[in-house]
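Number of protein chains: 2
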Amino acid sequence: MFTGWSVHSLDSKGRLAVPARFRDVLKALRDDRLVITTSDRCLVAYPQEDWRALADKISRLSQLDPRVQAFRRYFISGATDCTCDKQGRVLIPQALREMAGLESQVLLVGMQSNFEIWDKDRWYSAREEIRANFGDLSSFMAELGI
Amino acid sequence: MFTGWSVHSLDSKGRLAVPARFRDVLKALRDDRLVITTSDRCLVAYPQEDWRALADKISRLSQLDPRVQAFRRYFISGATDCTCDKQGRVLIPQALREMAGLESQVLLVGMQSNFEIWDKDRWYSAREEIRANFGDLSSFMAELGI
DNA sequence: GAAGTTAGTGGGGAATAGTGGGTAATTGTC
DNA sequence: GACAATTACCCACTATTCCCCACTAACTTC
Numbered sequence: 000m001f002t003g004w005s006v007h008s009l010d011s012k013g014r015l016a017v018p019a020r021f022r023d024v025l026k027a028l029r030d031d032r033l034v035i036t037t038s039d040r041c042l043v044a045y046p047q048e049d050w051r052a053l054a055d056k057i058s059r060l061s062q063l064d065p066r067v068q069a070f071r072r073y074f075i076s077g078a079t080d081c082t083c084d085k086q087g088r089v090l091i092p093q094a095l096r097e098m099a100g101l102e103s104q105v106l107l108v109g110m111q112s113n114f115e116i117w118d119k120d121r122w123y124s125a126r127e128e129i130r131a132n133f134g135d136l137s138s139f140m141a142e143l144g145i
Numbered sequence: 000m001f002t003g004w005s006v007h008s009l010d011s012k013g014r015l016a017v018p019a020r021f022r023d024v025l026k027a028l029r030d031d032r033l034v035i036t037t038s039d040r041c042l043v044a045y046p047q048e049d050w051r052a053l054a055d056k057i058s059r060l061s062q063l064d065p066r067v068q069a070f071r072r073y074f075i076s077g078a079t080d081c082t083c084d085k086q087g088r089v090l091i092p093q094a095l096r097e098m099a100g101l102e103s104q105v106l107l108v109g110m111q112s113n114f115e116i117w118d119k120d121r122w123y124s125a126r127e128e129i130r131a132n133f134g135d136l137s138s139f140m141a142e143l144g145i
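Which chain is which? The protein sequence lines are C and U, in order.
Under numbering that gives the first Met the number 0, the first residue of the first sequence is numbered 0, with each subsequent residue one higher.
Under numbering that gives the first Met the number 0, the first residue of the second sequence is numbered 0, with each subsequent residue one higher.
Honestly, the hints are just simulated from the structure, not real lab data.
Not one of these hints is a red herring.
Since the list can't tell identical chains apart, any single copy or any two copies may satisfy a pair.
The calculated lysine-lysine pairs, modelled on DSS-like cross-linking and capped at a C-alpha distance of 30 Å, are: (1) Lys56 - Lys26; (2) Lys26 - Lys119; (3) Lys12 - Lys119.
Start from the sequences, fold in the hints, and give me the full structure.
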């Protein structure tokens, strides 16, 4: 499971170090390949196997359903296979870097089954927004019985 | 499968580089011919074989049904065969360029069996729209168990 | 706290991918 | 057939990616 935060720097070539504890998770899956895709204002990385399962689910839906179409455009289309180099870094494709606004300081955020990749400043402002609505959020969670 | 995004530039002659990984897919199909057609606010490129199959299906539908006719006018009529030149570029016909509003910065978006060709700015606003309807999308994801 | 180990960072250099433009071939028009 | 416009082909240049190696910081172990 991917947990915890790490701040790493994106170097001038667009490479990002994957934290050792995340690499250990991948190693345990006997598969060092990641799939990186876009989400709301960040990128999300999945172990390749998990991504495959997810993509399969989607591919079985009607491709003409507009919701499926939107979902594929938004979430699936950007997905890119990335392998770690010998130093344990991945090259983030330029288009994804741009979409997620990655500058030099990058935050890797463990989300159990996957991890998110945020520009540090964006992360802080996103957190700030969440905090501002936290009252609503907690009552929503309470409704769910959590 | 066509996956991932690439930003390329449309040159002054209307040529567009096809990303190497997309060319590899075509090479695996032993057919470097593409069919490019118009879609909603972008262009869509299919390997020629796949396009043929799709067009066949549609041609078997009743040609008297006005909806079929509309669909054919909208989607089928613009289809153009394109082959990559030796530098791996395709010439996008001017009519299609205009239709999709392609300026200099162009995004190629992998959609598994085909790929879309977007003007970069349009792509960003289309994404924004999808996000604006995100309520729908997230409940859709919930249905899928994502 | 010294020495060894691991994690993260930076950059050189070769190979590959993408871009731009000149020129020849082709097409279409008069 | 002559001309202009478009398209295809070729070459040269630039940018990106990939595969190295080297360095530093942090953490372990003794």
